[in-house]
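Protein sequence lines correspond, in order, to chains A and B. My numbering puts the first residue of the first sequence at 161, with every later residue one more than the last. My numbering puts the first residue of the second sequence at 161, with every later residue one more than the last.
Do not take every clue at face value.
A pair holds if it fits inside one copy or across any two, identical chains being indistinguishable in the list.
With a straight-line Cα cutoff of 20 Å, these simulated EDC-like cross-link-like pairs (lysine to aspartate or glutamate) come out [stated by the list, open to error]:
| hint | residue 1 | residue 2 |
| --- | --- | --- |
| 1 | 287 | 235 |
| 2 | 522 | 220 |
| 3 | 522 | 593 |
| 4 | 574 | 559 |
| 5 | 496 | 559 |
| 6 | 496 | 561 |
| 7 | 287 | 182 |
| 8 | 496 | 201 |
| 9 | 522 | 348 |
| 10 | 256 | 191 |
| 11 | 574 | 383 |
| 12 | 574 | 592 |
| 13 | 256 | 330 |
| 14 | 256 | 593 |
| 15 | 515 | 592 |
| 16 | 256 | 359 |
Hint data in this document are derived by calculation from the structure and do not stem from the laboratory.
What follows is the residue order along each chain.
Protein chains: 2
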Amino acid sequence: MKMTGPLPDPLPRGEREGLVIDSARLSASLEALGRIGAYTDESSGLVGVRRLAFSKEDGEGRTHVVNEMRAAGLEVTIDRIGNVYGRRRGRDDRAKPVMSGSHIDSVATAGRFDGCLGVLGALEVVKTLNAAKVTTRRPLIVAFFSEEEGARFGTDMLGSAVAVGRIPLERAYGLTDRDGNVVRTELERIGFLGTAPVELAAPHAYVECHIEQGPMLRAANVDVGIVTGVQAICWHELVITGRSAHAGTTPMSLRADPGMAASRVQLALRDLVRSGRFTDQLRATMGVTQFHPGLVNVVPNRVVASVDIRHPDDAVLRRAEAELVELYARIAAEEKVTLVHRQSARTPDIAFSPKVQDLVAKSAAARGLSAQRIVSGAGHDCQELATRCPAGMVFVPGEYDGISHNPREFSTPKQCADGVNVLLDVLTALAEEEGP
Amino acid sequence: MKMTGPLPDPLPRGEREGLVIDSARLSASLEALGRIGAYTDESSGLVGVRRLAFSKEDGEGRTHVVNEMRAAGLEVTIDRIGNVYGRRRGRDDRAKPVMSGSHIDSVATAGRFDGCLGVLGALEVVKTLNAAKVTTRRPLIVAFFSEEEGARFGTDMLGSAVAVGRIPLERAYGLTDRDGNVVRTELERIGFLGTAPVELAAPHAYVECHIEQGPMLRAANVDVGIVTGVQAICWHELVITGRSAHAGTTPMSLRADPGMAASRVQLALRDLVRSGRFTDQLRATMGVTQFHPGLVNVVPNRVVASVDIRHPDDAVLRRAEAELVELYARIAAEEKVTLVHRQSARTPDIAFSPKVQDLVAKSAAARGLSAQRIVSGAGHDCQELATRCPAGMVFVPGEYDGISHNPREFSTPKQCADGVNVLLDVLTALAEEEGP
């Protein structure tokens, strides 16, 4: 008998069934993971997290989360770049799975939410479904990807980029940290050099919950961010070469001081942003600067520095980059130094699935949460997955202007729970969808 | 019978006796020492010298010079801070000795003249006297002092400062390099932890030949510099603390970026010099800058930097320093960061002995060399010795604007020989002087 009548209920299934995640359990889970790699920040006295990819602390964090996955009944697979997948069976277990996750590696000065909320949030969704004895049609996979931050081996979204085939495994294996340690060896050392193939079979969809890492949602007093995509990102590595000279004797006019050039680039970055010619959405940062030989009484002969610029519109970023490169040339000429820049990363702006955005909006509305569309300023694993399947993100606001990559990073238990409840709705809705 | 008649001959004894140093031998000697710790500079392809204090290379250099001293008949003594003294007997061997020397340690990007010319030049004087079978009335001592550069343990003129009692031996022993190595252990490792007391018995006089390390003499086409003293020096170590934040999301207005503050200090230094308010003799340099944590996508939370300012007039330097400290405060307030500065070195301007200056001038005139009075921009061991006895310096011009602390550092064989011939005259004149 053929059914006729209204279209399928647009309300996501999770909400329809009245499921609600356990906020206290989620907070406790974030705190437990945050204790692994905890350190006390010198300047603020706050306790932060330092869990650089493939470090001893990352290994401990991974083992902790794998144990949590297994305790929640997930079947754990580790691939050859250390990505970890925890699978929950579906009613139709051969249907393409719905995936959710993020990363648990961190920068050297992190808080406990960046990445971890997405992993532990997805795990909280599983625990909620377990408690309610709900089995979705499609399997669910909770994932965490390796070296998302790029803080140790210099390439961000490393694990997810390898999984979707953007970066070859062998190239990833050969990346080195500052001390010359190689990815493959370090993965092996912490016991997470898995045997599963890295090539990811395209999931039905991928959804990631993440803190905003910026001030917009909190300033607008909004509960949830509907992420429309990720802004375009461009990294430059600068090597500025001048001429070392005696600090006490060499007149300014005879110097070729690469440090002076680096400082001028730094200030030029801010001028570029403040000019307004690239809208107020341009971001520009010099995160690395190191003078060589680095002696009090020697004019440096070489400065290594980095530039990070971002904009939601790739075309605008391209214009900003072109102007920056002209600035490099002008400053180098005026300071009589050589400035070589290498584009060490470049990603265009990425648009997330409209379907996932709509599901996020509907869930928020059904739960009485305020929501707002937002472009992600940071890169995320989701942008890699977006090349393989419909993908999207739920953003959670952060206190203190949404500060992140800082021990002060903090989202309240309610902010976290709101985001993960929306994640629950979206994942369960997607997991009921028809098709292979 | 009492002599009457003209005053003693004002012409220095060396010249009177027609002594001339062996320029080729001096050059060969500089080259031989320059091969120890030689390295190839990445940017220029030039061969430079890297012989940091108490390193393996410094140990090899020291052994080489000690062997040279012994070959020249000198009796070698090593004191407890590693200063090395090679003594040549005088006709009146109990009279106070005349001392000459410098240092053989180097910065990480050095040439082969800085310091070495003074040590090997003094040794060349001894070889010349040996060859001529001349014995001076007073003993002569050829000295080289430990860690003059301060490039490894952060305190320049370390060995000579300990010898004259300005720095206590135990404090010197406890100084550490960047890797936490301690002076005493490092001295012991290279076999130069001597047993002689460090307290230097005041010599009759001390004279040091050194490259100018600046452009003045060469620009004026002058053969020899008569050094009137050393300019005042002030070092600041800056620790600037801001707030780390995500580079991709945090708007400029919400940042507290210590890197931005460091760059502004760097440019302010040059503005201070260019203002002309401190005459054109002010020098200002930022030799160290390092961002922490030093990641492409993280606004730094801490920057460590150094400032070196110098001026021939201590009162002027004091004014410049006061203005600089005000600048620190203003920049820190505007950038919403904390800037703490520590005065890590401070020496007032030092005047050298008028008698030694006159002897240098007379020798130059007698040898048909052009000469000019000049203030030293760099600190030298001579300024430490000047607190214990009449002391002075002979400067030798350098090619390429007198560049130093750079593999390009170069003085021609003639320039070196001119300086050392003057040194010969001055030392032999002083060594004939009457008295205890």
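For each hint, the structure was consulted:
Taking the closest pair of Cα atoms, residue 287 and residue 235 come within 20 Å of each other only inside a single copy of the chain (14 Å); across copies the shortest separation is 84 Å, beyond that limit. For a Cα distance limit of 20 Å, the shortest separation of residue 522 from residue 220 qualifies neither inside one copy, at 38 Å, nor across copies, at 76 Å. Taking the closest pair of Cα atoms, residue 522 and residue 593 come within 20 Å of each other only inside a single copy of the chain (16 Å); across copies the shortest separation is 101 Å, beyond that limit. In the homo-oligomer, the alpha carbons of residue 574 and residue 559 lie at most 20 Å apart inside one protomer (12 Å), although the nearest pairing across protomers, at 70 Å, exceeds that limit.
For the identical chains of this complex, residue 496 and residue 559 are inter-copy neighbours only, at 19 Å across copies versus 45 Å inside a copy, given an alpha-carbon limit of 20 Å. Within a single copy, residue 496 and residue 561 get their C-alpha atoms only as close as 40 Å, which misses the 20 Å cut-off; across copies the closest is 15 Å, which meets it. For the identical chains of this complex, residue 287 and residue 182 are intra-copy neighbours only, at 9 Å inside a copy versus 89 Å across copies, given an alpha-carbon limit of 20 Å. Taking the closest pair of Cα atoms, residue 496 and residue 201 come within 20 Å of each other only across two copies (19 Å); inside a single copy the shortest separation is 39 Å, beyond that limit.
In this assembly of identical chains, residue 522 and residue 348 lie within 20 Å of each other by CA distance neither inside one copy nor across copies; the values are 44 Å within and 74 Å between. In this assembly of identical chains, the alpha carbons of residue 256 and residue 191 never lie at most 20 Å apart, being 33 Å within a copy and 74 Å across copies at closest. For the homomeric pair residue 574 and residue 383, the shortest alpha-carbon distance inside one copy (9 Å) is at most 20 Å, but the shortest distance between copies (79 Å) is not. Taking identical chains as interchangeable, the C-alpha atoms of residue 574 and residue 592 are never at most 20 Å apart, the minima being 27 Å within one chain and 90 Å between chains.
In the homo-oligomer, the alpha carbons of residue 256 and residue 330 never lie at most 20 Å apart, since the shortest distance is 28 Å inside one protomer and 72 Å across protomers. Taking the shortest alpha-carbon separations for residue 256 and residue 593, only the intra-copy value of 10 Å comes in at or below 20 Å, while the best inter-copy value is 100 Å. When the C-alpha separation of residue 515 and residue 592 is checked against a cutoff of 20 Å, the pair qualifies only within one copy, where the shortest distance is 14 Å, while the shortest distance between copies is 99 Å. Only within a single protomer do residue 256 and residue 359 lie at most 20 Å apart by alpha-carbon distance; the minimum there is 15 Å, versus 83 Å between protomers.
In summary, the numbered hints that this structure violates are 2, 9, 10, 12, 13.
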